[in-house]
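Top line first, the protein sequences correspond to chains E and L.
Letter by letter, the first sequence follows residues 1 to 110 of the numbering used here.
Letter by letter, the second sequence follows residues 1001 to 1115 of the numbering used here.
Just to be clear, a hint being listed does not mean it is correct.
The calculated BS3-like cross-link candidates involving lysine-lysine, where the alpha carbons are at most 30 Å apart (straight line), are [unchecked claim]: (1) K70/E x K1009/L; (2) K57/E x K97/E; (3) K70/E x K57/E; (4) K59/E x K97/E; (5) K97/E x K1009/L; (6) K70/E x K97/E; (7) K70/E x K59/E; (8) K70/E x K1057/L; (9) K70/E x K56/E.
Derived from the structure by calculation, the hints contain no laboratory data.
All values reported here derive from a predicted model rather than from experimental measurement.
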Amino acid sequence: TQLLEQSPQFLSIQEGENLTVYCNSSSVFSSLQWYRQEPGEGPVLLVTVVTGGEVKKLKRLTFQFGDARKDSSLHITAAQPGDTGLYLCAGGDSSYKLIFGSGTRLLVRP
Amino acid sequence: DSGVTQTPKHLITATGQRVTLRCSPRSGDLSVYWYQQSLDQGLQFLIQYYNGEERAKGNILERFSAQQFPDLHSELNLSSLELGDSALYFCASSPASGVLYNEQFFGPGTRLTVL
């Protein structure tokens, strides 16, 4: 059974601080996606990484896919209250399904 | 706006009843996925359809069923509803082809409350 473990589960930080969220698995994925979900709304796709070692930047967010394609990280620089939400990683394989992590709840305090 | 639409936005019903949730995928996407998300829980994959055919099943109860129609919209039917079925139900669509074949785009969800 493929599992994705995210850490930390909860993170409460002050505006302006940096943070990193981790997504780990013992399985290899063909792609990995990061989503952000706000309460009562659907997850919004932030980025997809497909190549081992790939790094993608989206403004203050930096996403990295591990060399072995088993893990990923999301780094936020100078967090803002608007970054508050549930961050979900999801791994894809050839079955067309996505395996979702349990999520990291981020609260950025003004 | 992801381009995926879901109706209704909210649904309140009683135990034992049956409801139908509807989803229209993004233009051009052939694959539709259904997920359940209970309070403070992760996304639980229910079922996937590709171009009208069932492709994968997750933790879907026998009381639940789904189908995808020729115009690619999908419906999730929930019957003999129980209190524990109260949750957010999301539909997602994906192109199911190309390098980014399993990128999924989520709709706004249907909040189901069973009283």
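Tested hints:
For a cut-off of 30 Å, the pair hint linking K70/E to K1009/L is broken: about 36 Å separates their Cα positions. For a cut-off of 30 Å, the pair hint linking K57/E to K97/E stands: about 25 Å separates their Cα positions. Note on K70/E and K57/E: the hinted pairing holds, with a Cα-Cα distance of about 19 Å set against a maximum of 30 Å. For the hint linking K59/E to K97/E, the alpha-carbon distance of about 28 Å falls within 30 Å, and the restraint holds.
At most 30 Å may separate the alpha-carbon atoms for a hinted pair to count; K97/E and K1009/L meet this at roughly 25 Å. Simply put, K70/E and K97/E have alpha-carbon atoms about 16 Å apart, close enough for the 30 Å limit, and the pair holds. Taken as a hint, the K70/E and K59/E pair is honoured in the structure, with Cα atoms around 25 Å apart against an allowance of 30 Å. Annotation: proposed proximity of K70/E to K1057/L holds, straight-line Cα distance about 24 Å (limit 30 Å).
As the CA atoms of K70/E and K56/E are separated by approximately 17 Å, the hinted pair is consistent with the 30 Å bound.
The structure fails to meet hint 1 from the earlier list, while all remaining hints are met.
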